[in-house]
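Participant: Letter by letter, the chains look like this.
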Amino acid sequence: MAAYRQRRQKRRVFRRRKICRFCADSSFVVDYKNARTLRLFTTERGKIIPRRISGNCAKHQRQLTTAIKRARTIALMPYAATLSLY
Amino acid sequence: MRMYETTVIVNPALSQEERQSLLDKLTNLISDAQGLLVKFDEWGEKRLAYEIKKETRGYYVLMEFCGGGSLVKELERNLRLDDRALKYMTVCIDKEVDPERVKAEIEAAAKEEEESKPEPVQEVAAVQAQEDAPPEETPPEETSEPTTGETEVQENHAQSSEKEEAANGSV
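In the order they appear, the protein sequences are chains A and B. The working numbering applies: residue 1 is where the first sequence begins, and numbers increase by one. The working numbering applies: residue 1 is where the second sequence begins, and numbers increase by one.
Please keep in mind that the hints were generated in silico from the structure rather than gathered at the bench. Glycine included, C-beta positions come from ideal geometry on N, C-alpha and C. It is possible that part of the hints are untrue.
[To be verified] On the chain B side, residues computed to face chain A include the following (Cβ under 7 Å): (1) Gly44; (2) Leu48; (3) Met89; (4) Thr90; (5) Cys92.
Same shape as in the complex, but just chain A (with noise of 0.2 Å):
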């Protein structure tokens, strides 16, 4: 049980504490427009990547999928993207 409970809290230690860009900087806007910041929460396949690894909060990540998919909607984003054209 010991070397159980021990394994467990090394796990803890581990996990980094994961914060929102967007709450945390104000003048980080999420706006359809600006195709370089929404890159930044794309795979490199274009594909969105998932609150629990961006660590976007709710509200942010809501609003951060509508833009990229308005972005996809008029080519500012590829809907799917072939490494090369990174």
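Add chain B to chain A, keeping to what the hints say.
Facilitator: Just chain B now, kept in the frame of chain A:
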């Protein structure tokens, strides 16, 4: 009235005159329907993230305007028929807008640009404009942040140069 934002991708192969005729047509449509053109921004030629009608580049134009749903319908109908526009997208920014207030805001902004005098004068203008104060106050704040950062960097440079001088002096 509602506030809309339309992005149009114009065929980059067109000459400037042909492009201008299309854009004039769109702005005329807005004014004909008693809409109010708030912002007209040409981004210029950009690379498209994917091919549209076999084109890899496109000329982006952004229009912000106040108007009703019928205006948007008419505008999109025209864009769909016109081969000069590769693609378009309309987004509703604000559901309730008072066109007269927006007009006043635009005029106030234009006045400020014309005057372009030091800060105290701009503040007085903002107080006079009253309601449109919040959107106008925000840009200076944003701009002030990076400038402070630059000054810090400059200071650091100055300090480092001083250190270097001191080091040279000691040697």
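Participant: So, for every hint listed, does it hold in this structure?
Facilitator: Outcome of the hint check:
no. : hint  : verdict
1   : Gly44 : 14 Å, violated
2   : Leu48 : 4 Å, holds
3   : Met89 : 5 Å, holds
4   : Thr90 : 10 Å, violated
5   : Cys92 : 12 Å, violated
Checked against the numbered hints listed earlier, the structure breaks hints 1, 4 and 5; every other hint is satisfied.
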